[in-house]
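So you can see what is in the structure, the chains are spelled out below.
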Amino acid sequence: MLLSLEEATVRLGGRPVLDGVGLDVAEHEVVCVLGPSGSGKSTLLRAVAGLQPLASGRVLLDGRDQAGVPAHRRGVGLMFQDHQLFPQRDVGGNVAFGLRMHGVARGERDAAVAQLLELVGLPGAARRAVAGLSGGEQQRVALARALAPRPRLLMLDEPLGQLDRSLRERLVVELRELFGRLGTTVLAVTHDQGEAFALADRVVVMRDGRIAQSGTPLEVWQRPADEFVARFLGFDNVVPATVGDTAADTPWGKLPVPDGSPRGSRPLLVRPAGVRLVAADEGLPCTVTARTFRGTHVAVHLRPRDGGPRLEAACALRDAPEAGAEVGTAFDAAEIVVLG
Amino acid sequence: MALPVAFFAVFFAWPVAAIVARGLKTDGGWRFGRIADVVTEPDIGHVLWFTTWQALASTALTLLAALPAAYVFARLDFPGKQVLRAVVTVPFVLPTVVAGSAFLALLGRGGLLDQLWGVRLDTTVWAILLAHVFFNYAVVVRTVGGLWAQLDPQQEQAARMLGASPLTAWRRVTLPALAPAVAAAALMVFLFTFTSFGVVQILGGPTFSTVEVEIYRQTSEVFDLSTAAVLTLVQFAAVGLILAVHAWTVRRRETALRLVDPAVTARRPCGAGQWALLAGVLATIGLLLVLPLGVLVRRSLDAPGLGYYRALAHTDGGTFLVAPVHAVWTSLQYAAAATAIAVLIGGLAAAALARRDAGRLVRGFDALLMLPLGVSAVTVGFGFLIALDRPPLDLRQSWILVPLAQALVGAPFVVRTMLPVLRAVDGRLREAAAVLGASPWRVWREVDLPLVRRALLVAAGFAFAVSLGEFGATVFIARPDNPTLPVAVARLLSRPGDLNYGQAMALSTILMVVCAVALLVLERLLPQSRTSSTGGTPMDRTGEF
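Sequences listed follow chains A and V, in order.
Numbered by the numbering used here, the letters in the first sequence go through residues 22 to 361 in order.
Numbered by the numbering used here, the letters in the second sequence go through residues -2 to 542 in order.
Rather than coming from a laboratory, the hints here were simulated on the basis of the structure.
Be careful, since some hints might not be right.
Said to hold, decoys possible - Residues from chain A that face chain V, not an exhaustive set, calculated with beta carbons under 10 Å:
1) Ala70
2) Arg94
3) Gly96
4) Leu99
5) Phe101
6) Asp103
7) Leu106
8) Gly119
9) Leu120
10) Arg121
11) Met122
12) His123
13) Arg166
14) Ala169
15) Pro172
16) Met176
Keep in mind the model is a prediction, meaning the values are calculated, not measured.
The C-beta atom is built at its ideal place from N, Cα and C for all residues, glycine as well.
So here's chain A without its partners, still in its complex pose:
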């Protein structure tokens, strides 16, 4: 393993910000840590970089314990959330900084800077002042600067956090291609699930300094480990349930569950796609409270007539009922997940 964290714990002001985290990153792997703000994501990166001492546990790089190795000798790269470009240096000076620190000769340095700027899509920008760069350009310069000393592990802290949506979507694709081409090992953190799923080979969801779930984007998306992960991914149709052999008792009535679901008293997730709208006299009777246009479909917000939590259905554009309409709902076992 290139990077291993063993029971890594960080305390700030007595409170554990990182609580016994274990994590492995293999060479050439792109791992994305996903979590709400305050879940300890950034602290995780800082601990690996050597900017934040551990209270207990170990950080290993290439199998070697990094305790006592200062940040500048760890050979990892970190791209900061707001880039932290050096304001008094131009673009070239920023990108060349790490090479200078490693004693690379001037000619070689200039060639490497030109090549890296080409790579991130800013050819010939070496003499520009960083203050005059747009957000997207700063992001590219920061990336080139982090890549320049060829770190064995590149860490990105909210790499696209402050950019607008369309730019973010384009850059995610570019980054993914770039890392694939260079074979870079990447550990990124973000609070944006779309970004994480688009960028990563493996997603790690964090909550309150602990790892809540780890897996491929598809695994995490299809089978959220618990109610927290489900809600964090944007699923709101979560209710307490008593799960039996083929069906579960919920406030919405008896719902079918997939074969092999764990039994007992557990939260249950119904994906919006698994809520079908049927004639008003069938299934669970509901009132439509609102419709939200989501591009490819319409989210229909429903209030069960007999009480119980509200639920959301995904509906094709032309089938969506008006607000105030009375509808019935049926549930699809394939889109129902019994959570841990």
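We have chain A; now place chain V onto it with these hints.
Here is chain V on its own, set in the frame of chain A:
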């Protein structure tokens, strides 16, 4: 951190403690009873009373004269504003003896007012008060105006939209935000005037005496060390109290204010009221700050063919063993050494204080660093003589003694100038450099130094000017054959005769020019760093408290 602590312990705490002990300790032990005896003495009571009320009056007058200017500098935009800001700052770094002689030339015997209307103020308290306003004008203008310029005008506009009149909006929104800065500036002015030495020594005559002047008199003329020690303790307590309150107001000022770039808050004056205010402020600056210096220069030129200046090159007057002009060279050498020491000690202290993980203890050192500004310089000077007189630190014969004492006064200014800038350097910039492979030393050289270079030079200029003008401690420890400029001026003024007086004016003019040039060159000619555009880094906070 260890070096600054050691420096202040050996060259500040120890000499002061030594002289207090010399005064209050006898073979039989401590004589704390002396404190009550001295404080209840009528003469001393009179000195304490005068010190306090003249400081209060000076502070009130300074606020009265300088607050309109703070508004004008913060909110109005007019041609020549930058130059005028620098002009206002010059008196603050001028040596006290120069200010003393300037006001003597303006208000004293044969002075401008004497010639015009036969009015002499040099034996009245007005001369002292006006000289104090002259000195501390910049403290109020820069401290209050600096914050005022950064207050968001939209806050006041929001109050207007909610139905407040302009005056109410100012009173309810701007004034409360400004109050801590006004309090901090007022406390600083009070501190400087409470411990005033050079000005009162020259303008006070035999009638008026502050605690500091009395300490000098008791030490060097009456040789009553116990009284001097008690007075030192009294002043120490007062200064400690003032600094504690000051630290509290500074903390309040730094919290919870939304600040904006000063460049966007200033407008061209409009309406008769604002033009009148601007004219009034310009007139005040002309009369109070520029005129005394102008008169000083003119008086130094009174003798035909620059006679007073040429007299400086000879030892004929018998006042000195060497030609007075040598004092210029001596002073420059001392000040250069003192600046180097002050920048080293002050810079290290500021770097330690700026660390984000600095504990309570270290942050407390922040306030302690200001103590040398207020504790009797005379005591420090005399303390040097009696404390640093035996091995391993026998420095009595060493030239380094004077720069050491001057650095003590210069270091707090270095800290005050460097600290805000160092604190404004984003810690993550340093981390970014570390992750890219920079060792801690290279991080400092590559990240901190380029960002603080300008502030460092301004701090050095400040320390240089302050060292050049230091009088209270230097008057004790400068050797008679090697006086510094302020000491030479004071000695010339203490002798009768027009030639001595004229030479004092000429030397003061030289001293003023050197000080002003040192500061103006550093503040004006240095290129503005490009970084100032990225985060409102406070690059030019000289003279703000």
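Legend entry - Which numbered hints fail: none
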